[in-house]
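Visitor: Read off the chains here:
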Amino acid sequence: MRAIAYDAASIGLSLASLLFFYRAVEFLAEKDYVAALLAIGIGFLVVRGGMELGRLAMFNRKDQRSE
Amino acid sequence: MQSGPLKTNNTTAAIVVVVLAVSLWGQLSLMGLLYEVRSGSADPLNFALHLLPIIALVPAITTRSPLALLLLFPVSLLPSIAALPELERGQLMELWPAVRVTGTFAVYLALASAWLTSVPEQVEVEQGKSFRGQSYRHFVWGRLGPLVLLFLVPTYGIFLDAPITSTIEQNNPGAESVAQIFIAIVMFFTWAVIAYTTFLVPALNLEYDRRRIRREMETILEEFESGRRWMRLGVEALVVCVGLSVIALMFAG
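Residue numbers (my numbering), protein chains in the order written: chain A, -13 to 53; chain B, 81 to 333.
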C-alpha cells in the first residue's frame, strides 16, 4: 500500500513538473531568461523529487517481497 | 587496482570526453568569443560568459565529478548562447548546425557517463543482477512515460501552441524559426540533463542505492532510539514553523 502511494506521488510530481517546463517555454518565448532558468530549476527539483519517491516505492516493494 | 588496459581505456575515454566538450564549446561559444575579440569594444561580461564553459570544464575533468560534467558544464553553455550576437546566433540555429550541436551533445553525454561509471560500477552491476526483476522493470517503464511527456509537451509548446508561437512571432519579427530552434535547443539540453541525472543514472545504480538507503535508514532508526534524532527533529520543526509564520505574516501584511 505504501509503495502504491509512493508510486502515485512519484508519477504525480513528474507530471506536475511539466507545468514548470511549459512555463519555462513561455518565459523563453517572452525573452525572460532569468525567469525561464528559475522555472527550469524548480521543474528539475520537482522531477528529482518524483524520481526519489519512485525509487523508494521500488525498494519498499522489493523489501516486502523479500520479507 | 586498475589493470593496464583498463587504465589506458580510461585515459582514452577522458581525452575523448575533453575533445567532445571542447568541440561543443567551440560550436556554441567560440564564434561569440571571436566576435568580442574582433570588435574593438569588447564587453567584459560577454567575454567572461563565453569563457565560462571552459572554466567549468577544467575542474569537472580533474575531479571527475558527475554533477560538474553532466550538469554544470552543459548549463554553463546556456548563458554563452544567450550572449551570442544576433547574426552568429542565427547561423547557429540553422538546421545543420543545430543538428550537429545536438548530436555532439548527445555523444558527449553518452561518453561522459560511460567514462564516469566505467570502473566502480562494474562491481555494482554484477552485485545487482539478482535485483533485476519485476520491481526494476516497473521502475523503468513507470518513469519512461513521464520522461517522454517531458520531451513532447515543451516541444509541442514551442512549435504548435498558438499563444506561444504568436509570442515568439511578436518578439522575433522575421526570425521566428530561429527563435523556435533556439528555445528547442535549450529545452533539449534541459531534457537530456534530466533524462540522464534523474532516470538513467538512478536506473543503473538501483541495487547500490537500495543498500545505501537501507544503511541510512538504519542509522536514522538508531538515532531515534537513542533520542538524538528527536532533538534534531524538534529544531527542524521549529525552523519550519518560524519560516511558515514569516511567509503567512508577509501575505497577511
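Hints are supplied without guarantee of correctness; some may be wrong.
[As the list claims (entries may be wrong)] Between beta-carbon pairs, the in silico distance windows are:
1) A:Ala(-6) - B:Ser145: 29 to 35 Å
2) A:Ala2 - B:Leu318: 17 to 23 Å
3) B:Pro146 - A:Ile28: 17 to 23 Å
4) A:Lys17 - B:Leu232: 52 to 58 Å
5) B:Ser119 - A:Tyr19: 46 to 52 Å
6) B:Ser246 - A:Ala(-6): 33 to 39 Å
7) A:Gly(-2) - B:Ile293: 18 to 24 Å
8) A:Gly(-2) - B:Gln171: 25 to 31 Å
Source of the hints: derived by calculation from the structure; they are not laboratory data.
C-beta: ideal position from N, C-alpha, C; glycine also.
Visitor: Provide an ascending list of the numbers of those earlier hints which the structure does not satisfy.
Guide: 2, 4, 5 and 8
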